[in-house]
Amino acid sequence: MKKVEAIIKPFKLDEVKEALSEAGITGMTISEVKGFGRQKGHTELYRGAEYVVDFIPKIKVEVVVPDSLVEKAIETIMESARTGKIGDGKIFVSPVEEAVRIRTGERGEGAL
Amino acid sequence: MKKVEAIIKPFKLDEVKEALSEAGITGMTISEVKGFGRQKGHTELYRGAEYVVDFIPKIKVEVVVPDSLVEKAIETIMESARTGKIGDGKIFVSPVEEAVRIRTGERGEGAL
Amino acid sequence: MKKVEAIIKPFKLDEVKEALSEAGITGMTISEVKGFGRQKGHTELYRGAEYVVDFIPKIKVEVVVPDSLVEKAIETIMESARTGKIGDGKIFVSPVEEAVRIRTGERGEGAL
Amino acid sequence: MEKLLRVIFFSLLPATALAGETKGLNTGDTAWMLAATAMVMLMTPAGLALFYGGMSRSKNILNTIGMSFLAYCLASVVWVLWGYTLSFGHDVGEVIGGLEKLFLKGITPETLSGTIPELLFVAFQGTFAAIAVAIASGSVIERLKFSTWLIFVVLWITFVYAPVAHWVWGGGFLAHDGALDFAGGTVVHINSGIAGLVMAILLGKRRHYGKKAFFPSSVVLTVLGAALLWFGWFGFNGGSALSANGSAATAFLITNVAASVAAISWMATEWMFLKKPTLLGAASGAVSGLVAITPAAGYVNVLGAFLIGLVAGVLGWFGVFVLKKKLGYDDSLDAFGVHGLNGIWGAIATGIFAVKSVGGTPGVLEGNLPLLWVQTKAVLITVVFSAVMSGVVYGIASLLTGGARVPEDVEIEGLDSAVHGERGFNL
Amino acid sequence: MEKLLRVIFFSLLPATALAGETKGLNTGDTAWMLAATAMVMLMTPAGLALFYGGMSRSKNILNTIGMSFLAYCLASVVWVLWGYTLSFGHDVGEVIGGLEKLFLKGITPETLSGTIPELLFVAFQGTFAAIAVAIASGSVIERLKFSTWLIFVVLWITFVYAPVAHWVWGGGFLAHDGALDFAGGTVVHINSGIAGLVMAILLGKRRHYGKKAFFPSSVVLTVLGAALLWFGWFGFNGGSALSANGSAATAFLITNVAASVAAISWMATEWMFLKKPTLLGAASGAVSGLVAITPAAGYVNVLGAFLIGLVAGVLGWFGVFVLKKKLGYDDSLDAFGVHGLNGIWGAIATGIFAVKSVGGTPGVLEGNLPLLWVQTKAVLITVVFSAVMSGVVYGIASLLTGGARVPEDVEIEGLDSAVHGERGFNL
Amino acid sequence: MEKLLRVIFFSLLPATALAGETKGLNTGDTAWMLAATAMVMLMTPAGLALFYGGMSRSKNILNTIGMSFLAYCLASVVWVLWGYTLSFGHDVGEVIGGLEKLFLKGITPETLSGTIPELLFVAFQGTFAAIAVAIASGSVIERLKFSTWLIFVVLWITFVYAPVAHWVWGGGFLAHDGALDFAGGTVVHINSGIAGLVMAILLGKRRHYGKKAFFPSSVVLTVLGAALLWFGWFGFNGGSALSANGSAATAFLITNVAASVAAISWMATEWMFLKKPTLLGAASGAVSGLVAITPAAGYVNVLGAFLIGLVAGVLGWFGVFVLKKKLGYDDSLDAFGVHGLNGIWGAIATGIFAVKSVGGTPGVLEGNLPLLWVQTKAVLITVVFSAVMSGVVYGIASLLTGGARVPEDVEIEGLDSAVHGERGFNL
Ligand SMILES: Nc1ncnc2c1ncn2[C@@H]1O[C@H](COP(=O)(O)OP(=O)(O)O)[C@@H](O)[C@H]1O
Ligand SMILES: Nc1ncnc2c1ncn2[C@@H]1O[C@H](COP(=O)(O)OP(=O)(O)O)[C@@H](O)[C@H]1O
Ligand SMILES: Nc1ncnc2c1ncn2[C@@H]1O[C@H](COP(=O)(O)OP(=O)(O)O)[C@@H](O)[C@H]1O
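Protein chains in written order, with numbering that gives the first Met the number 0: chain D, 0 to 111; chain A, 0 to 111; chain Y, 0 to 111; chain F, 0 to 426; chain H, 0 to 426; chain L, 0 to 426.
Hints in this document: simulated from the structure, not taken from any laboratory. Just to be clear, a hint being listed does not mean it is correct.
What the hints assert, rightly or not - Pairs of lysine-lysine residues, derived as DSS-like cross-links and limited to a Cα-Cα distance of at most 27 Å, are as follows:
1) A:39 x F:324
2) D:39 x F:58
3) L:210 x Y:59
4) L:104 x H:355
5) L:210 x D:39
6) Y:84 x D:16
7) L:210 x D:33
8) F:204 x D:16
9) F:324 x A:33
10) L:58 x Y:16
11) H:58 x L:58
12) F:275 x A:84
13) H:324 x Y:39
Model the full structure from these sequences, guided by the hints.
Structure follows, in structure tokens:
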């Protein structure tokens with residue numbers, strides 16, 4: 000199993016979620032994160048002082064999938080999250096050794 | 000070392016935390032996430048329009064433990080987080096190659 | 000590639016970010032987490048009842064770096080995040096097998 | 000001496016008994032109108048701002064609040080410059096006021112209007128103009144350009160609000176017709192509700208409207224806004240007696256009854272049909288009742304208020320949950336569904352439930368059938384005039400700002416950050 | 000002529016000098032009572048709603064606010080239907096008012112009550128009934144069924160509030176006894192505090208009460224609520240003079256002093272014992288002082304107000320931090336600890352500190368020892384009556400709704416989402 | 000008999016015509032002053048608390064609110080104890096009031112001050128003292144010790160506010176000079192703005208000031224605070240007529256115009272220079288206009304108000320965005336930039352724009368050049384006195400609490416949690 004972790008633009012979340020569902024990946028966990036990268040934050044003015052807000056709101060999508068589905072997951076996310084502009088985000092793939100479904104105790108790919 | 004990552008129901012957090020402490024696992028990091036899976040979100044009505052809220056609030060608990068404690072951690076979480084209803088969540092185990100305690104610079108299992 | 004994940008004190012974020020930038024690591028993702036460890040939370044009083052707040056606000060910094068930069072990243076974070084007091088946090092290193100830049104489709108270290 | 004005594008004597012009687020009597024300043028009436036004016040003021044930059052702001056998405060809350068806040072500021076200025084004289088200057092052909100009071104020329108602290116200083120009357124009426132235009136903003140939030148809105152406010156007060164106010168209160172033809180509008184059901188609520196609807200249609204729907212959930216940033220703030228509106232409405236309706244007398248007291252009590260009943264009836268309707276009684280519903284219901292009772296406040300009794308409120312809550316719910324869905328426009332915060340519909344209902348209901356012993360005019364139930372037609376005519380004229388003129392004025396504002404709608408990326412990012420460079424909350 | 004002049008003359012004098020004198024409408028008194036009534040209204044759907052809502056957990060904030068909001072709506076309706084006549088109709092056996100004013104029958108805009116329109120008096124008194132019942136909700140939030148609450152409100156106003164109001168203000172036996180209650184310490188605060196306590200005991204504790212931290216959703220909103228309550232309390236106490244006179248002025252100033260001192264004394268107590276002066280403490284202290292001064296507002300001088308406030312802050316703190324813990328009930332937002340206890344303290348203190356030159360009645364310190372017994376008796380009777388009847392009324396409401404408590408999963412999920420399908424904030 | 004009639008007759012005329020006339024209590028005037036006092040009260044623990052609290056970082060919002068809330072409580076107590084008599088006791092050498100009214104000795108409910116009860120006048124003036132000191136807190140938030148603040152409040156009211164209030168309103172030398180200050184531009188706004196500036200300089204900057212972004216916890220709350228301030232300001236300025244008359248009406252209307260124009264002019268300035276019209280700017284602009292019009296409210300006409308407001312918005316913006324940056328002090332929420340600067344501008348502008356037919360005194364534009372000097376002198380004396388004395392009083396408070404600044408770790412953690420053990424929001 001692998002964990003496919005994508006950092007995407009917040010307003011793309013719905014599209015990504017739907018694309019993944021259509022691709023048969025029905026479980027996922029998301030969280031609100033902030034990103035720092037090539038895409039530059041905006042400037043905020045407050046009471047006469049100017050500040051650059053470096054960190055840009057992003058959504059992290061995590062899906063754990065069987066090895067066989069990794070490429071599909073990557074492609075699906077790429078297609079649905081892309082706008083073509085800087086800041087579209089990254090996908091990282093890392094190994095997962097075990098998965099457990101808390102409710103039933105099932106282990107391995109069956110737990111996903 | 001392994002990272003044991005559990006996605007659980009928010010109101011189970013206290014139980015899980017206490018169970019882990021009793022099992023001798025005294026360090027952990029938690030974050031608020033949203034999950035999408037078998038458990039269906041509820042319907043919200045707002046000004047005449049009906050919307051399904053897909054994403055359900057969950058808590059992610061992360062503990063990095065020595066290999067020897069992995070099974071214990073899994074079982075402890077399973078027991079304390081289970082309600083038996085859909086949406087109880089998952090546990091994922093993945094490899095960690097190094098751990099460092101920032102304060103002292105200690106490395107490896109001693110840093111946990 | 001490796002993911003270097005650091006749990007740090009919130010008010011150290013700016014220093015860590017700047018130190019990493021200077022070290023040539025220009026992409027990172029951060030999130031708000033809560034930690035439980037040696038550092039004890041404070042006591043809150045509310046309407047006559049006393050509660051210990053166990054979980055302490057922390058920031059999780061995630062950087063995915065080529066293998067060659069792992070040590071540098073660890074050291075940079077250690078130096079910039081240390082206060083020498085309990086609760087300074089941890090750094091965990093774990094393997095990442097693939098990275099993809101969503102915008103261009105680039106893969107591997109070039110995507111970072 | 001005799002005459003002097005008579006004046007003194009009468010000025011101590013309930014003011015209703017004295018309509019048309021020439022008299023000096025009455026400190027009691029003035030005290031009430033000072034308080035009432037302050038209460039009505041609070042309705043726009045606080046009450047409506049929160050009521051609407053709490054219903055907008057959090058990325059647009061400040062822009063939504065800003066529309067009310069700036070509407071209040073601009074309207075206040077336009078009002079003393081030329082709005083007041085257009086509405087309350089000497090009558091010109093029963094259509095509009097003359098220009099002799101431009102910039103309040105000739106009005107000194109001593110000038111009276113009835114038993115209160117005219118400057119106070121100016122201030123009181125100015126708060127009505129402000130809230131009228133601010134209400135319309137509810138139909139177009141989250142996508143209208145801020146600059147377009149500011150221009151619209153100025154034009155609308157001038158070309159839409161001022162004439163209608165003149166017709167009803169400034170000696171215009173509707174007043175001569177005998178149309179009853181105690182505190183501005185026609186002038187304020189129908190007028191603004193229609194303006195909102197027209198703009199909502201011309202401007203088009205928000206992106207993803209009807210597809211994605213648009214969650215209100217804070218129902219807590221919306222309820223607080225509704226409570227402040229309710230508070231201010233005592234000044235709005237009670238103050239429209241222009242005196243601290245039995246008429247003001249009636250309007251006060253009756254306003255409270257109608258609002259309470261309507262809050263309950265909206266919530267009950269929801270509970271029946273959708274199984275969840277919402278606070279958003281209770282707050283919207285209260286506002287529906289307040290709108291509906293506005294034209295009737297000095298003319299009906301408690302029973303009338305009860306029935307008007309009962310219908311208002313259900314009607315508001317119907318406007319928002321049924322009609323809007325059916326007709327498919329995006330009247331975002333239901334300026335039309337709540338204010339427009341209930342303004343119309345209130346105007347008609349005033350004709351039905353008016354009681355001679357309360358306000359001097361009998362209604363349909365007391366045998367005065369013609370009143371219904373008078374009221375209906377006033378409604379129709381206002382609807383048509385407001386629809387046409389609001390459209391024209393909106394068109395001009397749109398032209399002057401190169402289109403009325405924000406670019407799509409601004410709409411996605413949210414107007415708070417894109418237009419104002421701010422966020423509502425950094426908690 | 001002579002008589003006419005006398006009437007005119009007297010109506011210009013301080014109204015206190017004229018008690019019992021027949022006279023016409025006074026616009027000044029009416030102006031003040033209109034403003035005061037609006038101010039008291041604001042206390043329930045805004046002041047108390049935020050004060051309580053801010054203290055509830057964020058998953059229950061809307062339900063908590065809704066309890067106050069709907070209590071206001073229902074009480075307003077019940078009041079004009081039958082509550083007013085039960086309280087202020089002609090006296091029946093010193094126990095309850097007659098039914099001749101059902102639905103305000105026979106009251107026209109011209110009917111006066113003293114120097115103000117009776118309809119205004121109705122509205123003013125209605126806001127008191129509303130806040131009384133809303134206060135009790137503080138004891139039972141986060142677990143009482145919404146439907147049970149709505150029924151309880153209707154029954155409680157009818158069977159508990161109306162009788163007590165009649166006893167004290169409507170010509171009932173407590174009034175004849177000479178019990179002093181300027182603005183409702185007994186009628187409103189003891190009554191509701193006891194009702195809250197009884198319900199809290201019958202309903203049981205919240206899940207995990209005392210074990211887990213229940214953090215207030217927003218102390219900011221609680222402080223804002225306290226400030227709005229304070230503002231409204233000027234109408235509550237100052238308006239209870241029913242006239243814009245020296246008595247109203249006394250009540251106003253004295254209310255402000257007691258609230259200020261009590262806020263300071265609560266915070267100081269906390270600071271001493273717990274090392275942290277909290278804003279929640281300052282806000283609760285202010286409310287404690289406001290409650291305690293309520294019965295005394297027209298009877299004591301500044302020194303008395305100072306001492307009443309000083310004790311009130313400490314007593315409130317004691318009720319919340321010591322007594323509640325000791326006795327082990329879950330009076331969630333301390334309706335009893337703050338309103339009940341301080342209502343009792345205020346009633347007793349009125350007997351002690353009353354000053355003849357202020358309100359016409361000397362207190363214990365001026366040698367009038369019997370007053371202490373009169374006050375104590377009034378307290379005891381109210382406590383017993385309210386405890387028994389509130390319990391009965393709660394039982395009926397519980398029966399009618401199949402149990403008063405929400406199911407456990409609703410309590411865990413939070414009432415906002417489970418009952419209302421809403422969230423307080425989506426930021 | 001003749002005399003009696005004259006009294007009756009005159010008491011029904013606009014009160015301005017009656018200055019100096021001995022007369023009884025006027026219920027209309029009393030009604031207005033009761034309402035006005037309540038409105039001014041709301042300004043401090045609600046209006047200013049939110050206006051400031053919303054601008055502080057979320058980790059300090061409760062402490063910031065607490066500074067206003069406790070300032071109100073302490074000031075209220077100090078005022079009735081010794082503040083009032085120091086300001087309004089019999090004049091001692093044109094410098095300070097005598098001590099004969101310590102603890103309001105000798106003032107009964109019947110005692111009048113003009114046409115209203117003196118106790119009401121006491122309450123009204125007390126709210127001014129409270130807001131004056133609370134305003135100064137804006138300069139020092141997020142780093143001043145809470146204990147230092149509480150002591151500062153007590154000392155400042157006693158040694159800084161009371162004397163200046165006496166000079167201007169209590170029969171002191173500035174009044175004799177003929178300096179015009181209708182509602183407290185000098186006494187309240189210059190005084191507190193300078194006090195804030197002096198403290199900001201003595202206390203030093205916040206950690207990371209100018210380097211890191213300090214985001215306002217909630218611009219929504221700031222705007223709500225500004226709206227509540229605006230509402231209260233009608234009581235502040237309108238109430239300063241001490242009567243429900245034409246002067247109050249003028250002050251009311253003119254206040255509204257100046258605030259509206261200033262909100263627009265601040266926002267327009269921002270829009271021009273920085274491309275973003277912010278809500279924070281609109282709110283700050285409104286407050287700037289309200290400050291600037293305060294001394295002028297009873298003396299200028301609508302045109303004057305318009306110009307005063309226009310400049311006020313730009314000046315406030317300049318103070319905050321240009322001057323503060325240039326001079327490098329950390330006047331955190333711009334008590335000086337907004338209140339100090341605009342207080343000065345308002346005092347000067349009153350001299351320029353005063354109109355004889357409005358307030359009885361002609362200004363520079365009507366040929367009365369000397370008034371400019373009288374006004375300037377009053378400003379200079381207040382600035383110097385306030386600067387020196389505020390510094391001294393701050394020094395004493397600092398000494399008594401072992402330094403005025405919180406330890407660095409408290410500043411980093413945030414004062415809410417470190418000092419009060421609370422958080423503003425748990426959503
Ligand atoms: N090395 C990295 N490690 C972790 N997260 C990263 C890394 N580089 C980028 N990110 C995340 O990806 C987001 C997008 O990256 P950015 O460089 O702005 O644009 P792009 O994805 O187009 O290259 C960043 O905001 C950050 O959250
Ligand atoms: N493949 C997956 N990858 C990541 N997170 C998952 C995955 N499947 C489920 N989850 C997380 O686990 C939670 C519970 O899963 P769900 O299917 O609802 O019920 P159950 O745990 O009983 O199977 C989800 O809300 C989601 O956060
Ligand atoms: N075993 C662990 N797994 C995951 N996170 C941990 C673990 N141990 C500690 N942490 C995180 O590191 C933070 C700091 O740890 P703590 O024991 O308080 O101090 P120190 O870093 O000085 O040893 C904790 O708050 C928690 O977020």
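### Query
Of the numbered hints stated previously, which ones are contradicted by the structure, given in increasing order?
6, 9
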